[in-house]
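Colleague: Here are the chains, one letter per residue:
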Amino acid sequence: MPSLANEFPLKMLPGQVPGTFYPGAIGLHNEAPAACFMPSFAPLLQSWGAHSENDDNGGSFESLAAEWREEAMLFSSPFDKFTHPAYQQIIAFGPTIIPAILRELRERPDDWFYALRLLSRENPADGLEDFSGAVSAWLEWGYRNNYI
Amino acid sequence: MRDCAWVPGKFPNVRLEGFGCDSDRTDRSKRYNCIAWAAGDDSRRWWPSFEDRTWYWPPELPRARQGRESVDGFKAAFALFGYVDCESPDFEEGYEKIAIYTKENGRPTHAARSLRNRKWTSKLGDMEDVTHADPAALSGDQYGVPVFFMKRAFPGEQSTPQAPRRDPQSPQP
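Sequence order for the protein chains is A and B.
Mapping the first sequence onto this note's numbering, position 19 (from 1) lands on 19, and the numbers just tick up by one.
To get this note's numbering, take the position in the second sequence, counting from 1, and add 148.
Next comes chain B alone, as it looks inside the complex (with noise of 0.2 Å):
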């Protein structure tokens, strides 16, 4: 069963409508994470983890020590998949979007990704992905606030580089 009754008291912002919790909670839901799935990948988790390479990163990328991840190692990674900085979280037809999620020391801590029904798809960590109205909704003290925003063209609609995936047959977290 999907019970997201949870969220509202981790995430006072989100709001009934646009909410909308689109997986169960189960033990595969430890494989991938927010930064993962803003990528479009549910296969395995991201992060640019130096001292531990269980979480995945792109290899053309440098990784950080932990607790100096830069939101600038995250556009780069975002950019590897033709994102590009943009001024606003505002619907573009024919665009998504992603949302960097940082606490008041700058240290990205969540991403979101936006979907072409105008909302915005998360993965809270090892619990459910949800879809919410807007990046603002996720704001609070678990996130802290959206503060850089990238886009690129819908896949299918241009010559769109995807995020590479784990082969489904490897073992999975």
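Chain A on its own, in the form it takes in the complex (with noise of 0.2 Å):
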């Protein structure tokens, strides 16, 4: 019999389910799902929690971020950053992936506030301006809720 603790393995998240998008993790509280939905994120959002940190299938967090890193390098477009396969295929290990995400944070600051929302479901950089400022609120969150 499967326990809570395995149905939800994050305390923080215990309504979030395989396959499910959440506008809210990303600020779009007022829009329909069908509207705000990236197109692109619907196949790796259905297998959403399916890999793990090291799966050798979808590659491990840590081969996928370098692809992230050196493809997406050239990029300004935060969408076009967010929309990246590998950092798709980040997003699709599901929230077990927050303590990995939030690591390279801390190693390297980048662009994984998206992934992060979207994962927590939370925004403790809501309204900050600063990328700094942005990068500690959510290490801040990170050690407060034991992730890191």
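No lab work stands behind these hints, which were simulated from the structure alone.
One should not assume that every hint holds.
When the alpha-carbon atoms are kept at most 30 Å apart in a straight line, the in silico DSBU-like pairs for lysine-lysine are as follows [to be verified]: (1) Lys223(B) <-> Lys81(A); (2) Lys251(B) <-> Lys81(A); (3) Lys251(B) <-> Lys223(B); (4) Lys267(B) <-> Lys158(B); (5) Lys158(B) <-> Lys81(A); (6) Lys223(B) <-> Lys178(B); (7) Lys267(B) <-> Lys81(A); (8) Lys267(B) <-> Lys178(B); (9) Lys158(B) <-> Lys223(B); (10) Lys81(A) <-> Lys178(B); (11) Lys178(B) <-> Lys251(B); (12) Lys267(B) <-> Lys251(B); (13) Lys178(B) <-> Lys158(B); (14) Lys267(B) <-> Lys223(B).
Please dock the two separately framed chains into a single complex, following the hints provided.
Modeller: Right under this line is the structure:
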């Protein structure tokens, strides 16, 4: 019989289920999901949480993050950064990947806020206009919630 | 060391003539992006992101949902600093120009700015800023093609509005 901990390994996300997209996670409360859903995310979110951090089929978080850094380094557009296949694959790991993202954010500050908002359904950096301040807010959130 | 040997691999239309690498690749290079650089601001990154305010955008202008940015929004930003539409990127004495790149879907991807020496300058994402012979040099898979051009008198030649810069004492990414 599955335990509650297995069903909801992250206590901060009791209502989150595989395949569900949460517009509120990225501040889109007032739009219908169909209107704010990035279409290219659809197949990946359907497999939300189906991979582990070191999935041999999809690549490890580290290899995907390195691939993203290498291939998205020329993008200025946040949309282009976040729809890169490696970034989407990382999101498809589901909320269990949050600690790895936070460690990466701590080691190499980069544009991980979108993935963290989507995966955690929270935004501790809401309203912050300073990149460093947003990094600090997310790391503080991670410490406070025992993710790192 | 400045090592831009990687650039032709990403931008096959770059020609050695007119190409130069103008900044080191450092952590500080993430501080600003191509739009900021085209606007003359190397203190922060610019993008009209509605969802993430860590990208600066002139407060007078609306922001856009990710993936719904329009060229008109970018043109409006440059218009704040005295730029007006022009026909081509061709050199005009006394004027600096900017080029806005888009891909097939019409979303802006990049901006470049002309220099007094007839070359152009671009900040390549998180990487170095470079000089290139013309806007077409960066055409390709990465940024699409330059499709809109604007111009203004070079700063100092007339009362040209300048882009606001962040306080240099502020923390940076």
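Colleague: Taking the numbered hints from earlier one at a time, note which ones the structure violates and give those numbers from smallest to largest.
Modeller: none
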